[in-house]
Amino acid sequence: MKKTLRGNAAKFSRRTFIVGSAAAGGGLALGFNLPSGFDPALAQSADGGAEVNAWVFVKPDDTCVIRIARSEMGQGTITGLAQLVAEELECDWKKVQVERVTPGQNLARKRAWGEMSTGGSRGIRTSHDYVRRGGAAARTMLLQAAADEWKVPVSELTVADGVITHAASARSLSYGKLAAAAAKVEAPDPKTIRLKDPKDWKIAGKPLKRLDTADKLDGSKIFGIDVRLPGMLCAVIKDCPVFGGKVASYDEAKIAGRPGVRKVVKVKDTAVAVVADTWWRAKAALEALPILWDEGANASVSSATIAERMKEGLAAEVTNGDRRNGDALKAIETAAKKVEAVYSTPFLAHATMEPMNATVRVSANKAEAWVPTQNAEASLAALSEASGVPLAQCEVYRTDLGGGFGRRGGTQDFVHKAVAIAKEFPGLPIKLIWSREEDQAHDFYRPMSQCRLAAGLDANGNLVGLHVRICGQSINATLNPAGIVNGKDRRQLQGLWEEPDNAQLGYTVPNLLIEYVMRNTHVPVGPWRGVNTNQNAGKDPLDFRRALMSKHPRHLAVLNAAAEKADWGKPLPPGVHHGIAQFMNQGSTSAAVAEVSVSDRGQVKVHRMVVALDCGYVVNPDQVAAQIEGTVAYGLTATLYGECRVRDGRMVDLNFDSYPIMRLAEMPKVEAVLVPSGDAWGGVGEPSISVVAPAVLNAIHAATGKPVRQLPLKNVKLV
Amino acid sequence: MARLNINGSIRDVEAEPDTPLLWVIREQVGLTGTKYGCGIAQCGACSVHINDEVQRSCSIRVGDVKATDRIVTIEGLSSNGSHPVQKAWAAIDVPQCGYCQSGQIMAAAALLKRTPRPTNQDIDEAMTNICRCGTYQRIRAAVHMAANDTSRT
Ligand code: FES
Ligand code: FES
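As they're listed, the protein sequences go chains A and B. If you're matching positions, the first sequence starts at 680 in my numbering and goes up one per residue. If you're matching positions, the second sequence starts at 35 in my numbering and goes up one per residue.
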């Protein structure tokens, strides 16, 4: 189906939206050959209806189009944000549609939609306030329009399901009839907007069906990998397998005359791409292309050599950040009982189901990208920087993501590479899709790390001193060097902080020393769904934890909720054992109880996971439950199988045969226990992942009597 | 040149015989509901039906497909999303990102055709597609729901 977008700034009123770069370019006329259901243009007054404010566009048939700035990658943010706007708007939920704002549009309107970055579980937790205000302001303007129309005071009006009624004169009007007038009403002073008490919510807080399910059931949803544009060519890329290496040479003549192949492109010294009329032809040609690499200085690095460096770091003199109270070292030294253990975790790839991809078209004075991105504004910046086209002449059309998990956020390496290739084909769209192998070979991995834990217990078994030292690679060093201040990198101790708001350690220990030692490698690292501090310190039962948590009521309440739902302490079937863990990150506290058995042959089976979460407020309980189910699967995959091994300076686990992902048969029964405290708005998509592994490992300890201190379990002999 | 029977229509496509059926379906035929996830028959994102059986199309050469083989992709499972599996998936809100779901739905539909009343163990054995978002619990529930629906109709 052919779609043509038109933009003509002159025709629109002040409030009417001007399509992104049209504002700068003096009009936008693009021919698209995208299947229906994907239209990057925002609804415009020219098409009928009116924009009441940035968040709400109302069509003549009363359809309320709610605009979404955050990226949808399965976590349900589109539905949740729409629920929040609709709640304040008082519209009819059955008539809600959504549309996705582009970063060019956001830029052209001075960031009317705020921040677009979608990571760190912040889709709802950092925008709930202004999106609700957006809905409330639109409602106020619609009410004012009705009052003006009928010449009655607003106070005499009521509104429900998108219909405003003046009972005294038995008149009513629907939003569709009022929108054009409302668009001309002065926006209310933000200070006068009063948001509803969540107790009174009718749309938010309810387990409503997702708005974006239908096209995922019949194949019609267009992911980035599915984008097709007129004249489009496809590209496949291979970067030097050793991080930091370069292309030495390649023999293009060897693939001359292959069907469909247009060009071999060297990408930024480090990579080679083949461009062809179809992706498969490009891929087959790239595989046939002889390439010589200059592998550089890191070609002998392996997981073992990196582990050695980390081990050295555990004993190093200089640290890169700490948190301390009392004198932990002395307390442990003089304690009645001393416990010490070293834990280790490997590099992990994100392995989003949809491999990295981006489609880019660069012409002399315009650059466009169609890309699944967690940070559309970063994509826009990358597009402009890499193409040399000024920001105002760039636009990014977001497709929903086939998984993000932190991979599609700040790095934007996929956009940079696609632009580098597209620049060789001015005016033609180039779709770059990575093979699964390339995706596994060039991720920004969850850092490998080691942790040494020393604890001192008094004669009664009370914890008197705790020393945690974490050694590993710094995410900031790869992605955000400015985040390291005076050699200290606070981010690496997330979840162990003292400050209560985001990622606070939930235990009070009289003498505590937590340290981070930075040991960077040549492997690029980045955020990976959730925070993965391994809290399997606890071979300790529930009561041991409770005693340490009296000053952390929010953590404790969640721990208790999980324990209660899981019938902690009550007998389990023979051979099944309990493990428990709790943690806080992204502003939410979570706790899990795992029921696990270990067979005579050392086979682990996780039967049931009870996961409790306090994310402050629950916008859609069914979707929060879905996210918890998802974190269990993602966390268990990491626990059981997750490992990216480095050999000869490169990643060796390049597909799902050696980087297995948990399957349905292994999925435990997951029970989500939602205990929103109303304290603060916390994240949902990530926090509970952090308690999955420790709860399971603690259950295994209960089952076998032996602690597990190394992940993944596939490498550990349990019996 | 290959002749394919896809979703009931005959398509002549220009492709080298060793091209995976997946990529012919996606690129030459232009049906993008069938997804690429691994290319090595591991993940099931590329699942289609060939003569009513579920197959991983990334690992079938188009040259090995006969013109008489009946290929059905997610787009051809029903004309309007009315297959019992699609309805159950909607009722339970199974998908998260949705990328794996074409394959999951095709696997479930083939299972129910073969075994209209699957046990949990049948589901464990048949539903081996990867879902990175972890929708497995809902997939299981939706297969049971669709089984009840199928047996009624
Ligand atoms: S793409 Fe065919 S099984 Fe993964
Ligand atoms: S729904 Fe995202 S991979 Fe299955």
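No lab work stands behind these hints, which were simulated from the structure alone. Some hints here could point you the wrong way.
Stated by the list, open to error - In silico DMTMM-like cross-links for lysine to aspartate or glutamate, where the CA-CA straight-line distance does not exceed 25 Å:
1) B/K121 - A/D1301
2) A/K1393 - B/D158
3) A/K888 - B/D183
4) A/K933 - B/E48
5) B/K147 - A/D894
6) A/K881 - A/E1064
7) A/K1284 - B/D156
8) A/K1348 - B/E48
9) A/K881 - A/E778
10) B/K121 - A/E1350
11) A/K774 - A/D879
12) A/K1284 - A/D1327
13) A/K863 - A/D771
14) A/K942 - B/E159
15) A/K1009 - A/D1092
16) A/K1249 - A/D1222
17) A/K1284 - B/D158
18) A/K1102 - A/E987
19) A/K942 - B/E48
20) B/K121 - A/D894
21) B/K121 - B/E109
22) A/K856 - A/D771
23) A/K1348 - B/D86
24) A/K1348 - B/E50
25) A/K933 - A/D973
26) A/K1385 - A/E1056
27) A/K1017 - A/E996
28) A/K863 - A/E1064
29) A/K933 - A/D948
30) A/K1348 - B/D156
31) A/K1393 - B/E50
32) B/K147 - A/D973
33) A/K925 - A/D973
34) B/K121 - B/E159
35) A/K789 - A/E1056
36) A/K942 - B/D52
37) A/K888 - B/E50
38) A/K925 - A/E1064
39) A/K1284 - B/E159
40) A/K933 - B/D158
Predicted model only: the values in this text are computed from it and were never measured.
Hints and how they fare:
1. B/K121 - A/D1301: Holds, at about 18 Å.
2. A/K1393 - B/D158: It holds: about 21 Å lies between the C-alpha atoms, which stays within 25 Å.
3. A/K888 - B/D183: Roughly 20 Å between the alpha carbons, so the hint for A/K888 and B/D183 holds.
4. A/K933 - B/E48: This hinted pair holds, its Cα atoms lying about 23 Å apart.
5. B/K147 - A/D894: Answer holds: B/K147 to A/D894 is near 23 Å, not above 25 Å.
6. A/K881 - A/E1064: It is violated: about 45 Å lies between the C-alpha atoms, which goes past 25 Å.
7. A/K1284 - B/D156: Cα-Cα ~18 Å, so holds.
8. A/K1348 - B/E48: violated (47 Å)
9. A/K881 - A/E778: holds (22 Å)
10. B/K121 - A/E1350: holds (24 Å)
11. A/K774 - A/D879: It holds: about 21 Å lies between the C-alpha atoms, which stays within 25 Å.
12. A/K1284 - A/D1327: It is violated: about 35 Å lies between the C-alpha atoms, which goes past 25 Å.
13. A/K863 - A/D771: Distance of about 22 Å is within 25 Å: holds.
14. A/K942 - B/E159: Judged against 25 Å, a Cα distance of about 45 Å means the pair is violated.
15. A/K1009 - A/D1092: Violated: A/K1009 and A/D1092 sit about 47 Å apart, past 25 Å.
16. A/K1249 - A/D1222: holds (14 Å)
17. A/K1284 - B/D158: This hinted pair holds, its Cα atoms lying about 14 Å apart.
18. A/K1102 - A/E987: Violated, at about 43 Å.
19. A/K942 - B/E48: Distance of about 20 Å is within 25 Å: holds.
20. B/K121 - A/D894: Roughly 12 Å between the alpha carbons, so the hint for B/K121 and A/D894 holds.
21. B/K121 - B/E109: holds (15 Å)
22. A/K856 - A/D771: holds (14 Å)
23. A/K1348 - B/D86: violated (31 Å)
24. A/K1348 - B/E50: violated (46 Å)
25. A/K933 - A/D973: Between A/K933 and A/D973 the Cα gap is close to 20 Å, so the pair holds against 25 Å.
26. A/K1385 - A/E1056: violated (49 Å)
27. A/K1017 - A/E996: holds (22 Å)
28. A/K863 - A/E1064: Violated: A/K863 and A/E1064 sit about 38 Å apart, past 25 Å.
29. A/K933 - A/D948: holds (20 Å)
30. A/K1348 - B/D156: Satisfied, since the Cα-Cα distance of roughly 17 Å is no more than 25 Å.
31. A/K1393 - B/E50: violated (40 Å)
32. B/K147 - A/D973: violated (54 Å)
33. A/K925 - A/D973: holds (5 Å)
34. B/K121 - B/E159: Given pair B/K121, B/E159 holds - Cα atoms ~22 Å apart, limit 25 Å.
35. A/K789 - A/E1056: holds (12 Å)
36. A/K942 - B/D52: holds (22 Å)
37. A/K888 - B/E50: Outside the cut-off at roughly 44 Å; violated.
38. A/K925 - A/E1064: Measuring from Cα to Cα gives roughly 22 Å; hence the hint holds.
39. A/K1284 - B/E159: holds (16 Å)
40. A/K933 - B/D158: Violated. A/K933 to B/D158 sits at ~46 Å, over the 25 Å cutoff.
Checked against the numbered hints above, the structure violates hints 6, 8, 12, 14, 15, 18, 23, 24, 26, 28, 31, 32, 37 and 40; every other hint is satisfied.
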